[in-house]
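Undergrad: The residues making up each chain are set out below.
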Amino acid sequence: MTTEAKPRALNRLQSMYALRAEVDKMYEGGVEASEEGRPVAWVMLEGWSNAILNAMGVNTVFPENYSSLCAAQGVATPFLERSEAEGYPTHLCGYARTCVGYSSRMVELDGKIPPEAPAGGMPKPILLVASGEVCDARFKWFQSLGRFFDAPVWTIESPYPGLRERLTEGAHERNVNFLINELKAFVAFLEKLLGKKMDWDALEHTGGGTNEINRWRWEINELRKARPGPMNTRDFWSAVTAALFRGAANPDVITKGFERMYDEVKERVNNGIAGINRPEKYRLSFEGLPPWHSLGFLEQLAERGWNFVIESAYRPPRPITIDLSKYSDPMERYVRRRYRRLEDSLEEDYGPEEAGLIIDEILCDGVSRRMGLRHIRDYQVDGVVLHVLLTCRSTSAGLNLLQHRLLDVLKVPSLVIEGDIIDVSAFNPAEALRNAETFEETMDHYRKVRKELGMPW
Amino acid sequence: MAEPSKGLLRAQEIYQDRSQRALELREQGKKIMGYLCIYPVLEMMTALDIVPYRIFGDMREPITRADAYMPSVNCPFLRSCLDLGLKEKYDFLDGIVTSHICDVGSSLSGIWNYTVRTPFSHHIDTPHTLHETSLKQERGLLEDYRKALEDFTGHKMTTENLKKAIRVHNEQRALVRELYELKKPDPPLISGVETIRVIKAIQSIPVDEGNELLRDVISEVKERGDGPQTKSARLLLWGSILDDTALPEMIEGLDANVVMDDTCVGSRPYFNDVEVTGDVIDGLARHYLMDIKCPRTFRTRDYNDVRKDYMKDLEVRFSYLSDYARDWKTNGVILESVRYCDTHGYDVPGLRDYLDNLGIPSIYLEHDYTEGALAPLRTRVQGFLEIIS
Ligand code: SF4
Ligand code: SF4
Numbered sequence: 002m003t004t005e006a007k008p009r010a011l012n013r014l015q016s017m018y019a020l021r022a023e024v025d026k027m028y029e030g031g032v033e034a035s036e037e038g039r040p041v042a043w044v045m046l047e048g049w050s051n052a053i054l055n056a057m058g059v060n061t062v063f064p065e066n067y068s069s070l071c072a073a074q075g076v077a078t079p080f081l082e083r084s085e086a087e088g089y090p091t092h093l094c095g096y097a098r099t100c101v102g103y104s105s106r107m108v109e110l111d112g113k114i115p116p117e118a119p120a121g122g123m124p125k126p127i128l129l130v131a132s133g134e135v136c137d138a139r140f141k142w143f144q145s146l147g148r149f150f151d152a153p154v155w156t157i158e159s160p161y162p163g164l165r166e167r168l169t170e171g172a173h174e175r176n177v178n179f180l181i182n183e184l185k186a187f188v189a190f191l192e193k194l195l196g197k198k199m200d201w202d203a204l205e206h207t208g209g210g211t212n213e214i215n216r217w218r219w220e221i222n223e224l225r226k227a228r229p230g231p232m233n234t235r236d237f238w239s240a241v242t243a244a245l246f247r248g249a250a251n252p253d254v255i256t257k258g259f260e261r262m263y264d265e266v267k268e269r270v271n272n273g274i275a276g277i278n279r280p281e282k283y284r285l286s287f288e289g290l291p292p293w294h295s296l297g298f299l300e301q302l303a304e305r306g307w308n309f310v311i312e313s314a315y316r317p318p319r320p321i322t323i324d325l326s327k328y329s330d331p332m333e334r335y336v337r338r339r340y341r342r343l344e345d346s347l348e349e350d351y352g353p354e355e356a357g358l359i360i361d362e363i364l365c366d367g368v369s370r371r372m373g374l375r376h377i378r379d380y381q382v383d384g385v386v387l388h389v390l391l392t393c394r395s396t397s398a399g400l401n402l403l404q405h406r407l408l409d410v411l412k413v414p415s416l417v418i419e420g421d422i423i424d425v426s427a428f429n430p431a432e433a434l435r436n437a438e439t440f441e442e443t444m445d446h447y448r449k450v451r452k453e454l455g456m457p458w
Numbered sequence: 294m295a296e297p298s299k300g301l302l303r304a305q306e307i308y309q310d311r312s313q314r315a316l317e318l319r320e321q322g323k324k325i326m327g328y329l330c331i332y333p334v335l336e337m338m339t340a341l342d343i344v345p346y347r348i349f350g351d352m353r354e355p356i357t358r359a360d361a362y363m364p365s366v367n368c369p370f371l372r373s374c375l376d377l378g379l380k381e382k383y384d385f386l387d388g389i390v391t392s393h394i395c396d397v398g399s400s401l402s403g404i405w406n407y408t409v410r411t412p413f414s415h416h417i418d419t420p421h422t423l424h425e426t427s428l429k430q431e432r433g434l435l436e437d438y439r440k441a442l443e444d445f446t447g448h449k450m451t452t453e454n455l456k457k458a459i460r461v462h463n464e465q466r467a468l469v470r471e472l473y474e475l476k477k478p479d480p481p482l483i484s485g486v487e488t489i490r491v492i493k494a495i496q497s498i499p500v501d502e503g504n505e506l507l508r509d510v511i512s513e514v515k516e517r518g519d520g521p522q523t524k525s526a527r528l529l530l531w532g533s534i535l536d537d538t539a540l541p542e543m544i545e546g547l548d549a550n551v552v553m554d555d556t557c558v559g560s561r562p563y564f565n566d567v568e569v570t571g572d573v574i575d576g577l578a579r580h581y582l583m584d585i586k587c588p589r590t591f592r593t594r595d596y597n598d599v600r601k602d603y604m605k606d607l608e609v610r611f612s613y614l615s616d617y618a619r620d621w622k623t624n625g626v627i628l629e630s631v632r633y634c635d636t637h638g639y640d641v642p643g644l645r646d647y648l649d650n651l652g653i654p655s656i657y658l659e660h661d662y663t664e665g666a667l668a669p670l671r672t673r674v675q676g677f678l679e680i681i682s
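Chains W and Z, in that order, are what the protein sequence lines are.
Just so you know, we're using the numbering used here here: the first sequence kicks off at 2 and counts up by one.
Just so you know, we're using the numbering used here here: the second sequence kicks off at 294 and counts up by one.
For the record, the hints were derived by calculation from the structure and aren't laboratory data.
Remember, it's a predicted structure, so these values are computed and weren't measured experimentally.
All residues carry an ideal CB built from backbone N, CA and C; glycine is no exception.
Watch out, some of these pointers could steer you wrong.
[Said to hold, decoys possible] Covered, in the sense of this in silico footprint (three residues per stretch, anywhere, with C-beta under 8 Å from a C-beta of chain W), are these stretches of chain Z: (1) 580 to 592; (2) 625 to 635; (3) 663 to 677.
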């Protein structure tokens with residue numbers, strides 16, 4: 002008698018592999034550029050600078066991603082140890098500390114790429130582009146790399162106002178102008194550094210490309226609302242790096258990759274195929290950054306019928322149709338394409354009535370209970386995993402509050418899993434799995450509660 | 294009736310029971326505005342007759358309520374502030390003003406609004422860089438802040454009142470600097486522990502009362518004969534929030550005097566005046582964005598310069614500390630930070646490079662904002678003192 006091997010619990014998308022391979026190409030491209038004497042910059046992910054740098058002919062590599070790659074391949078620890086030996090406190094962001102160790106190793110090798118570096122490594126930069134967006138680490142870390150490289154550091158500023166303050170009369174236009182002028186100052190700096198002029202037509206292509214990629218990503222996520230969920234977060238994370246860290250790759254190639262992914266997901270929806278090869282018992286959302294080094298854990302959860310149908314990190318922005326014809330300045334076009342009025346985004350996301358309620362909440366309390374929970378409702382999520390990270394303050398600070406809001410507003414329970422983006426030892430898979438088992442009862446309970454309240458799932 | 298206490302005794306009383314005066318003033322109908330860290334512009338509060346009241350944590354009180362709303366991997370000082378808020382210790386506040394001091398500080402404003410729910414709140418998204426665009430942005434943000442305070446009080450903030458407020462706050466800055474002059478002699482006339490008490494006290498009462506207190510302290514300190522003794526080490530203390538005397542108490546219990554500091558419950562908010570400019574808000578924007586030297590801001594030699602010169606860069610960022618070391622004749626620097634403070638943490642290696650280059654010995658201490666955490670640090674400080682003396 003022959004026994005058929007049970008398929009793996011996660012049902013991977015084929016289209017994901019080609020996209021994932023693009024990230025390797027980004028690193029290869031960086032090394033190649035450096036060998037050919039072309040400029041390479043180390044860049045923080047923030048969505049503004051990459052297209053500008055590429056339009057100026059600068060290759061970009063992303064230390065945040067590179068550190069997670071080191072963690073995933075199990076080579077981060079010696080870099081972390083080096084960072085500690087350099088006097089960096091150990092509570093700092095794991096990505097940053099890996100990068101510090103890597104940089105210090107480069108200095109030891111006289112600027113050469115360490116032979117143990119995975120994916121060909123990151124070459125020595127001519128410029129470090131830091132960011133004031135998301136967290137303090139992303140500008141303080143690059144500033145502190147001054148002790149290893151003679152590359153200048155430019156910090157891209159962007160507004161990060163409170164919700165009520167964002168609604169203040171005139172605030173939106175001021176923020177738009179702030180961004181436009183800030184990015185123009187960055188371009189002026191680049192022109193001086195590179196000794197050449199900005200190619201504004203190229204920016205239309207590289208910047209427009211980002212929008213196109215995001216549009217496909219958005220459409221894919223729309224498909225993920227189906228039951229059973231056709232795409233597990235594992236594939237989202239594997240593919241998303243190609244969009245976020247595409248470096249100098251031709252945006253059209255990445256767009257094509259996501260278009261293929263859309264077709265594959267659509268096919269699954271049409272045929273009722275899930276992102277897991279087990280009956281979908283629970284639909285979940287993953288909030289916080291992924292545990293890059295322990296993604297195999299999702300396989301064990303999928304085995305129990307847990308399908309992560311959506312996630313919070315790196316969710317694509319809703320595509321916007323905006324009449325740009327009245328803006329002739331290319332930088333203004335670039336900024337207005339992406340930076341939205343809060344009122345407009347809310348109205349598109351929630352419809353006029355609910356958006357009005359949210360705005361009232363914000364004006365009255367400075368915060369909104371319901372805002373940011375739309376995906377939980379749309380994807381009919383049974384439970385949420387909150388990934389609290391030992392060394393990432395920004396993505397962890399609001400998670401406990403989120404736990405309360407999810408329960409208050411949507412009667413959806415959540416499970417806190419502690420871990421880290423780099424440090425494997427901060428994550429205890431056995432304990433997490435035990436907690437997951439008990440969490441199933443909680444999810445069952447709240448299913449009943451929602452039903453009693455007449456909620457749609 | 295007993296004479297009200299004055300000078301150092303009064304400072305100590307306020308330090309031990311900070312809210313007493315604020316509660317009295319509230320009874321008299323004054324509005325009390327809580328603020329977090331040193332970036333909310335106090336002059337605008339004073340111009341509208343609002344009493345600024347700095348929000349602190351309490352390292353002697355265990356955090357029990359805040360865990361439910363902010364994970365323990367975040368700045369324990371901010372978690373302690375939230376904890377006190379949740380325990381209704383800040384219920385007498387009419388409002389709270391926060392600013393973008395650090396990410397978690399920004400997140401706290403939302404969490405506070407959700408949980409503590411102080412009636413008025415405003416957040417100033419202070420930019421990170423000194424780019425020209427940032428200065429313009431800060432100016433715009435201060436216009437919004439002014440408008441928010443006017444709506445809150447129902448009064449217009451006149452230029453005259455704002456100028457008056459700047460003058461009285463500048464007077465406070467000058468008095469604090471005068472107080473720090475008294476730390477230059479050997480032995481210093483006032484200890485590090487007493488200094489924290491005084492600064493914390495003036496950040497808990499109206500500015501004019503604070504100025505009166507400072508004047509009393511200065512004359513008392515000049516005249517008294519029982520100040521600190523000469524010790525082998527004269528130290529400069531740099532770092533993140535230090536709103537309790539426990540750490541300087543431990544250091545000064547050894548063979549050292551803390552004669553100068555660069556912390557925000559110390560000299561940091563007071564060492565530059567606000568310039569009274571034609572357009573008053575310009576001067577305030579410049580001061581609060583550019584003059585205050587805190588690691589939360591990205592400072593560089595010349596942001597338009599495409600060349601990099603690490604040592605020159607460090608010079609621009611930290612030379613004021615070498616001035617302090619020279620003028621206050623310190624022979625060592627203690628760098629301290631609460632755990633999980635990123636803005637200060639990233640500056641530690643660079644600052645130590647800078648100090649090493651000048652031949653100034655330094656040590657880095659990290660603590661989790663509890664009294665108990667300081668005990669093990671004692672041995673390290675002792676070892677450091679042995680080396681430098
Ligand atoms: S968001 Fe978190 S993980 Fe990313 S750079 Fe900042 S601290 Fe590190
Ligand atoms: S100590 Fe650091 S983390 Fe805490 S509030 Fe101050 S700057 Fe923020």
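Undergrad: Each hint: holds or not?
TA: Hint check results:
1. 580 to 592: Result for this restraint: holds, n = 3.
2. 625 to 635: holds (count 4)
3. 663 to 677: Contact hint for the segment 663 to 677 of chain Z vs chain W: violated, 0 residues under 8 Å.
In this structure, only the earlier hint numbered 3 is contradicted, and the remaining ones agree with it.
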